[in-house]
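Using the hints provided, position chain B relative to the given structure of chain A.
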Amino acid sequence: MKRLIHYLDNYKKECVLAPLFKMLEAIFELTVPLVIAYMIDNGIRQGKSEVIVRSFGILVVLAAVGLCVSCTAQFFAAKAATGFSKELRHDLFKHILSFDFSQIDQYGTSALITRQTADVNILQNGVNMFLRLFLRSPFIVAGAMIMAFTIDVKSAMIFVLVIVALSIAVTLIMRSNIPLLKSAQKKLDEVLCLVRENLSGARVIRAFTLEDEQTGEFEDTNEGLTALQLRAGKVSGLLNPLTYVIVNLAIVLLIYTGNIQVESGTLTTGQVVALYNYMSQILLELIKFANLIVTLNRSFASAIRVNEIFDVRPTMSQGEGTSSIPDDNGNSAVEFKDVSLKYHESSDEAISNISFAIPKGSTLGIIGGTGSGKTSVASLIPRFYDATSGTVLVGGIDVRDIEVTALRDHVSVVMQKSVLFEGTIRDNLKWGNENATDEELLEAADLAVCRKVIEEKGGLDAKVEAGGKNFSGGQRQRLSIARVLAKKPKVLILDDSASALDYMTDKKLRANIASLSYDPTVIIIAQRTISVSDCDNILVLDDGEMAGFGKHRELLATCDVYKEIYSSQYGDEEEVTA
Amino acid sequence: MAMDTSGFVPKGNLNADSEALLRGGRTQTVKRVLSFLKNHMGKVIISLLLAVVSVAATLLVPIFIGRAIDTIGQPQSIVRPLLIAVVCALIVGISQYAMNLINNSITYGTVKDIRNEAIKKIEHLPLSYIDTNPQGDIVSRIVADADQFAEGLLLGFTQAFTGILTIIVTLALMLSMNVIITVVVVFVTPLSIFIARFISKRTYSMFKKQSVERGSMTALIDEMTGNEKVVKAFSKEREVLERFDDINSSLSTSSLNAVFFSSLTNPSTRFVNAICYALVALCGAMFCIGYPSSLADIVSVQTIGTLTVFLSYANQYTKPFNEISSVISELQNALACAARVFEILDEECEAESEDAKELSDCSGKVEVSDVDFSYSSDRELIKDLNISVKSGQRVAIVGPTGCGKTTIINLLMRFYDVDKGCISVDGNDIRSCTRTSLRRSYGMVLQDTWLRHGTIMENLRMGKSDATDDEIINAAKETHAHGFIRRLERGYDTVIGEDGEGLSQGQKQLLCITRVMLNIPPMLILDEATSSIDTRTEMKIQSAFEKLMKGRTSFIVAHRLGTIRNADIILVMKDGRIIEQGDHDTLIKAGGFYKKLYDSGKVDGKEAEDGDTNERAG
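Chains as they are written, first to last, in the numbering used here: chain A, 1 to 578; chain B, 1 to 618.
Extracted from the complex, chain A is given alone in its bound form:
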C-alpha cells in the first residue's frame, strides 16, 4: 500500500480535507451528549423550558452542519479515490505494455487483466473507505474518551479500560480469523476447480464411468470447506456479542460509580447520562471499524498483487542503438551465430546452437515437429526475446544494437494466432501502415487473397468485433497477413499463418508473396513440407537443434528428419513433386 500511495500526490488537498471534514462531523456528534447533559442539568432539573428549546435548537443545528460537513467529506474522498485509481490504472497499463514477451508468458494474460480491473477497483474502494472511516472511527473512540476525561477523570479510567479490552479482543479475533479465512478461500478455490473439471470432463468421466468417484472426491472437498468455514465462524462470531457484553458491563460500572459520585456531589445526573451516551457511541463505532478492517484487508491483498506487477522490470534493454538498418546486398538479411534460447532460468533450452545466414531477398522455410523450436527461432529475429547466448543479426547488425521500433518496422511477423482488433477493417489494416491510402490497403488485401472477404463484409468500413469474432479463422489469417503486407517490411515472417487456408488459397498466397515488387526476405514456418519445398533454403529443426539446412532436394537426400517428415505426410510409395 505504501508504495502505491504516491498516486494520491495530486490529491493531497482532498486527502487532507476528507478526513478533516470527517473529524469535524465527529466533533459535532461528540457534542450531542454534552447538549443532552446540559438539557438535563439546566433544563429539566431547573424546570426551564426555554433551555430545553434552546438545546433542541442546538441539536438541530448540529445535525444540519453535520450533514453539510459529511457530504463535503464524501465528495473529497470520492474525488481522491477515483483520481487515485485513474492514475494507478494508467501507470499499470503503461507498465504492462512495456513487458517483454517472456514476462507476458510468465504472468499470463488473465492475471494481468485481473490486476488492471478487479484489483484496481478494490483499491479504489479501499482508499475511499479509508479516507471516510479510518480516521473517523478512532477519532470518535478517542474523542469519546477525551470527553469523558473532561467530565470526570475517575469515570474516564473506565473508558481507558474498555478501549484497551476491546482493542485486545478485536485484534485477537481478527488475527486468529484471517488465516482461517485464507485457508477457507483456498478450499473454495479447490471446490471451484473441481466443478469446472467435472463440467469440462463430462464426456471422459462418463466414458470411463467415473461418476461416483468424482462425486465422492467432490463431497470430501466440500465437507472440508464446510468444516473450515464453521471453524472460522466460531471465532468471528464472537466479535459482536463480546464487544456488546464488554461495553454494557462498562456502562453498568460507570453508572454504579457515577451514582456514588453524584451522592458525594462531584458529578451531576446529566453528566452520568453523557458518559453513558459516550460509551454507546464507542460501541457503534467499533462495529463499523471492524467492518472497515475487513475491507482494508482485501485492499492490502490487492495492493500486494498490483505491486508484484510493478516490481517486474523489463529485462530487455530497449536498444539505444541505430535506427537505420543498411539495405545493401553485402550483408546477409538475417544471420544466427550459435544462438541458444532458454525461456526460464531453470528450463531446458528451447533452441540450441543454431547458426545460419540467408541473403537479402531470399526465402527461408523452417520446418520441424511440434515443440521443435520453429517459433522460437522466428521470435528472436524481431527481438521478441533475447537470445540466451549467441548473436542474432539483421542486416549485419546485432539486433540488440538496433532501436526496437526500427527493428520491428524492418521485420514483420504474422503470428500463429491471428488477431484482429475491434474497429473497422480499415483500422485493422492501418496497424501496418498508418498513412496507407485505401488503394494501398486494397493492394495488400489482394496480395493476401482477401479482397473478396473484404467486399463480402461490406468494404473497408465493415465492422470488426472484439477478437475478430465475426470472421472465420481463415479470414482472420488472411487479413492479418494483409495487415503486415501493408507495411511492406524488409523481412517478412509467416509463422504457420496459413494453417486455416485451403490448398488453393495457400498456393496463391505463396505465389503472391514470392512475386512481391519490393523483394523482401521471406521466412515461412510450416508443418508440411509442401509449404516450404519451394524455398531457397530450408531450416530443419528437431527438438531445438538444427537437423539440416539446405534446399528441398538436398535435404531429401541428406537429412533423415526431413525425409521422415516428408514421408509421414505423403507415404513412402508416393513420390509427390511439389
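It should be emphasised that the hints constitute simulated quantities derived from the structure, not laboratory data. Honestly, I wouldn't trust all of these hints.
As the list claims (entries may be wrong) - Derived pair list, reagent style PhoX-like, types lysine-lysine, alpha-carbon separation capped at 20 Å:
1) A:K154 - A:K186
2) A:K234 - B:K112
3) B:K596 - A:K507
Unchecked claim - What the simulated footprint calls covered on chain A by chain B, stretch by stretch (three residues with Cβ under 8 Å from a Cβ of chain B suffice, anywhere in the stretch; the number is not a length):
4) 49-56
5) 214-228
It should be emphasised that the depicted structure is a prediction, and the values quoted were computed from it without experimental measurement. Just so it is clear, CB atoms sit at the ideal spot from N, CA and C, and this is done for glycine as well.
Below, chain B without anything else, positioned relative to chain A:
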C-alpha cells in the same frame, strides 16, 4: 469440448430466462428453499427462539439502565437494576453467540447439501445441457450463487426477523411509556427510507454510466493485454495508451459521480436520525418538566431515566429501519440466486429405463439405421443415416468442419439420443442398455484432451482403477509417453494442473491414448486423437495404435491420409449426411467429393471449397 455443435444450438438468453422464472415462480422458489431447510428445521426453530430472547434482552438493558439512572441520588438501591442489566447483557451476548453458531451451521450445511446435490446432478445431466450452457455460468451458479443464496437468505432472514421484532417490541415498550414521543418517532424515522430510495433512484443512471464505461475499459484491457504480443510486434504501444487514457478519464468522471452521490445516503439518513433524536429529547424533556400541562393527564410522569431509555430506543429503532431496504434487496438477490441454483437442480437427469440391460462381452457389431438427429428442432442435422459395421471393422469419418462427424460419436456413445431410428450394438438397441455398460464398451480418445487435476499416475489410472504401476509404465512405453514423463521433474508423480496445465497439447494426447491402452474395450472411438502430435511421433506410436485397433471395431475421425486409407469403411460426410461410403480405392475411383478432398491434400476438408464459415454461425 471439441464440438461441431456450437452452431447448431441456440444459446438461450439465460438472464431473461431466470428473471422470468423468478417472477413466475417466486413462491415456488420459496417452497424449494424451505424444503432444503427441512434437514435443519430444529436448528431454525432454536435460532428463531434465540433471536426472540436476544431482542427482548437487548431492549430490556436500557430500561434497567434508565431505572438505575432514576435512582441516582435517590435512597433506593441502585444495585438491583444494575444487576438485572448485567444479567440481560450476558443473556444477549450468549444468545447472540449461540445464534451465530447455529446460523453458520445452517448456512454452511445448506450450501454443502446444495453443492453435493449439484455435483451429482452434473454427473448425470444430459450432455446437451452441459454443451449448451456456458461452463462459467454453471460454475458461478454452483459456487457463487449457492453462497449468495444461503448467506443472503438465512442472514437476510434472521436480520429481517430480528429487525421487525425489534421494531415491534420497541414500539410496544415506547407506547407503554409515552404515546406522544412514540408518535413522533414513528412519523420521523421512515423519512430516512424515503431519502435512501430517492438517492438510489437518482444514482442509478450514474451507476449505469459507470458500468458501461467500466465495461469498455475492461474490453480494451482485455483486447490489448490479451494480444499484447501483436501490439508490440507493430510497436503500437503509444497509440494504445492514448486510447486507454481517453476511456480512463471518462471512466474516472463517471466513477466520481457514482461514488459521490451514492455515498450521500449515509449522511442523509444520519441527519434524519439526528433530527429524530433531537425531537425525542425535546418532547421527553418537556414532559419531564410537566409541559404542556394540558397533556399531563394522558401522559404518565416523565423521568430522566425514561428520557435516556427513549433516546437509546430512538437509536435502536432507526437502525433496523435503515437496514431494511438493504435487507430487502439482499433477500431479493438471494431469491434470484436460489432460482438460478434450482434451475440446475431441477434439470431432468438422463433417464435410465428400468429394464435396461447390461451390455457385456460385445463383439462390436454396430448398426445405425434410419437415424435422424438434430440439436435443435429448427435446424435438422442428420437425416436418414445408415451405417452397418461388422465386428472388428475400421470406420473412418471424414468431411468438412461442422459436417456432423462429432455428432455421430455423440450418438454412438449415447451422449445424445437419436430423434428417430435406432442404433444397435450386437443387435441390442442401445436405448435398451444401461448407459454405463454401453460407454464401458467403448474406448475413447478425443481431440480435446481432458485431464484432471492430479498426478500423471492418477490420470492414467482412470483407464483401469486397479492397474499396477508397472502396467501403467508399460502402457506409457508403448505409446511413447514414457519418454517425456520421465523427463518431467517428478516423473509419474508430477502433478498436472487443472485441464492439464503445464503439458503441451501433444503430450496431453499421448496421455489420453495411454489411458485407453490400459484397458481396451471391444470398441474404440478416436476423434482426431493425434491431431496435436507431430507426424514423426505419430509414426512412432503407430504400432501402439495398431495394437489398440486390432480386432476391435473402431470409429476414427482423422485428417491424415495414412490413417484413413487403411479403413474398411470411409464415411464421407457433408452437411450432416453421408454422401459417399466405401473404401479408399472405390471412393477415389468414383471421383466424387472424397477425391476432391484427397487431392486438396487435407482430408479434414478445412475450408476445402473456400468455405469460409463464420465461426459463430458454424
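Checked hints:
Of the supplied pair hints, the one linking K154 of chain A and K186 of chain A is violated, its CA atoms being roughly 49 Å apart against a limit of 20 Å. For the proposed pair K234 of chain A and K112 of chain B, the alpha carbon gap of about 18 Å is at most 20 Å, so the pair holds. About 16 Å separates the Cα atoms of K596 of chain B and K507 of chain A, which keeps this hinted pair within 20 Å; it holds. As drawn, the region 49-56 of chain A meets chain B at 5 residues by the rule of a beta-carbon pair under 8 Å; at three or more, the given contact holds.
Given as covered by chain B, the region 214-228 of chain A passes the check, having 8 residues with a CB less than 8 Å from a CB of that chain where 3 are the minimum.
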